[in-house]
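Listed in order, the protein sequences are those of chains A and B. By the numbering used here, the letter at position 111 of the first sequence is numbered 111, and the numbering carries on one by one without gaps. By the numbering used here, the letter at position 103 of the second sequence is numbered 103, and the numbering carries on one by one without gaps.
Hints listed in this document are in silico derivations from the structure and should not be mistaken for laboratory results. Mixed in with the good hints there might be a few duds.
Heads up, simulated DSBU-like pairs for lysine-lysine below, C-alpha to C-alpha not over 35 angstroms straight-line [claimed, not checked]:
no., chain 1, residue 1, chain 2, residue 2
1, B, K191, A, K26
2, B, K196, A, K26
3, B, K191, A, K120
4, A, K82, A, K94
5, A, K120, B, K40
6, B, K196, A, K120
7, B, K146, A, K26
8, A, K119, A, K82
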Amino acid sequence: MTSLTKILTHAFEKHEGHVHIKTEAKPYSNPYLVGIGLGLVLLAAFVIMGRGLGASGAISTLVAAGVDKVAPSHAAGNEFYKEYIGDGTTNPLKDWLVFEVIGVLVGGFLSGTLAGRVKKGIEKGPRISSRKRLFYAFIGGGLMGWGAKLARGCTSGQALSGGALLNLGSWAFMMMVFAGGYAAAYFIRRQWI
Amino acid sequence: MNSPFFKFNYFGMDVSLILAFAIGIGFGFALERGGFGSAKILAAQFYFTNMRVLKVMFTAIVTAMLGVYFLSVFGFMDLSLIYIGNTYILPQVVGGLVLGIGFVVGGYCPGTSVVSVSTGKIDGLVYLAGVAAGIFVFGEMFPLIKNFYSSTDMGSLTLPQFFNMSYGFIVFLVVIMALGAFAAAEWGEKKMAAKKSEANS
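The following block holds chain B by itself, in its conformation from the complex (with noise of 0.2 angstroms):
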């Protein structure tokens, strides 16, 4: 069997619409079972206190990480039809720092934003609005920022690539980082909430 599916021309058009709802239903029912529809633990991350956006985001990355590249490595999918986008990286790293500002100002992602709604959350529905704003002041203002938003083109470039190792040592570090990562959330949180209790006593 070949994938990724679509690519191989297994169904059309409209089939992928529908397959798209039904991924975007596993897609918010997952967020949703993390707490990500609530903008309190969302935040909680920047302040310490709960680091479930980075855990469930690292959990997620390196469960899909290790699944492309198994498929990969025994023959099931072919890597190079997978879409990845271009690195264009100073846009990348001035967007990437206005989105992180955003995201601790408005306490929301686009994603979660979208769950917070369904779960009623009347901040989430200002959030999408504001988001939806944003798109059109970048939109009206993007003759004048074109040159940038296209400058440092990299090209399609992976970190395999870019520091010239092997694919498989990637997965490898990126999974080690992880535990890493882990391991001192948890130490992390069970700092400040020994501190929180020692402020409450």
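Bound conformation, chain A alone (with noise of 0.2 angstroms):
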């Protein structure tokens, strides 16, 4: 009988254009071993290429790399966006942490996948609307850009992979990251509990 339901319920789906699996999503894994797990990719790329993981340097390569698609002369002029794009003799996209970030996205899949996770929605709180929710979602997102580009990079390239290699600014700007958030959370929280 619950096999049957689950085939309906299923057929139903699938009816609505859903093409995720929907089974019972699973719980998360224990912090300390996820923990222990990132420890140890942040150590191989340590290991291996003699540097840590990043994020928003991808996007930063991204930008620079549109910018100069765009408006060419403007991008050359700027040294923000020269030290992304290079000197022209390699492609600007042909960088260690675009390709990092494309494994990124795979690894999130596939992990999500595994644990019947992937599910298309938006993530907020009950007392807030998705329009707004998005609305903050892009100003987070622009501020986030905005630190990340002053403090030379975001949690995954300055907290994580400079706070192991015990760097000042590393640890100085994990601070400012906590004491940012917990400052802010009291004025943002109709978006979250």
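Fit the two chains together into the complex; they arrive one by one in their own frames, and the hints show the way.
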């Protein structure tokens, strides 16, 4: 009987155009075990490449390459973009962080699929509309992108990678990330709780 | 065997990109396992209801830090060949603060938003567009803030150098600090859960 209900609900879901497999989403893993796994991935990056992980750098490369495509002379006159575009001898997208972030996309999808957690949706608290949540997502992303460039890295490049290497600037940065988050949390609480 | 391998020319640029992809898969897999594809879980860190961000992040930092320390102590790794960015203390403090606000407003950081996109989250996609917009704005105003951006350059500076203590002792202190933070996080979560069930009854 239960399997019949399962087949029926499955059929209906397909009918509504959902392509994902609707099984019960598994709970997330033990945070300390995940931390050890993440730490070993980071250690592998140090051992193999001599550098840490990153994320915002890849998006910077995409932005700089985009500006270069639309307005090449404007990009060439800007020191910030120029650093990501390079001297023109190699394609700027042939970049370590760009390939790493494509891997993140694949790895996240792989893990999510195995645990039945790939599901279209919007992450938000119960007291906020989807439109408002998307507005905040964009604004928050904007602050993050701007701040990451000023700090020369985000949570991956500075806090995680620089933190493990005991970099002074990374630790100061990390403390300030938590300070900023906790300071703003009260004012934005309607979005989450 | 000498590491980092890339610096000893064990392989070239093209292979390094394949390795970047492989390492990225591990990175994304771990972030998703941790629940970091979900903005609700990430934001919960700032309301003390779920301290996963702190637990995963500090465990990862401690694991990689101990790995780097012991590999270099036993001579498998040349620590001087690992890239450490310079410290520009003021811009990094201000940038960190802005980024922290962006974290709780947007619900993700750049890496976790990529994972959220891979697991179907629309707010993650909008957030990523926001990150790109923020970087674009930074790029456009770069001539204006260039002076501040390159101010307070302290060079490549680590905590052991800054506090004039041995590397091993700082490693030890960070481990102790992390264990203390984990204990506080577990205690805080229990406290918040008790408060919640009290409010519901």
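Results for each hint:
no. : hint               : result
1   : B:K191 with A:K26  : holds, 25 angstroms
2   : B:K196 with A:K26  : holds, 24 angstroms
3   : B:K191 with A:K120 : holds, 33 angstroms
4   : A:K82 with A:K94   : holds, 15 angstroms
5   : A:K120 with B:K40  : holds, 15 angstroms
6   : B:K196 with A:K120 : holds, 29 angstroms
7   : B:K146 with A:K26  : violated, 47 angstroms
8   : A:K119 with A:K82  : violated, 39 angstroms
Hint check: violations occur at hints 7 and 8; the rest are consistent with the structure.
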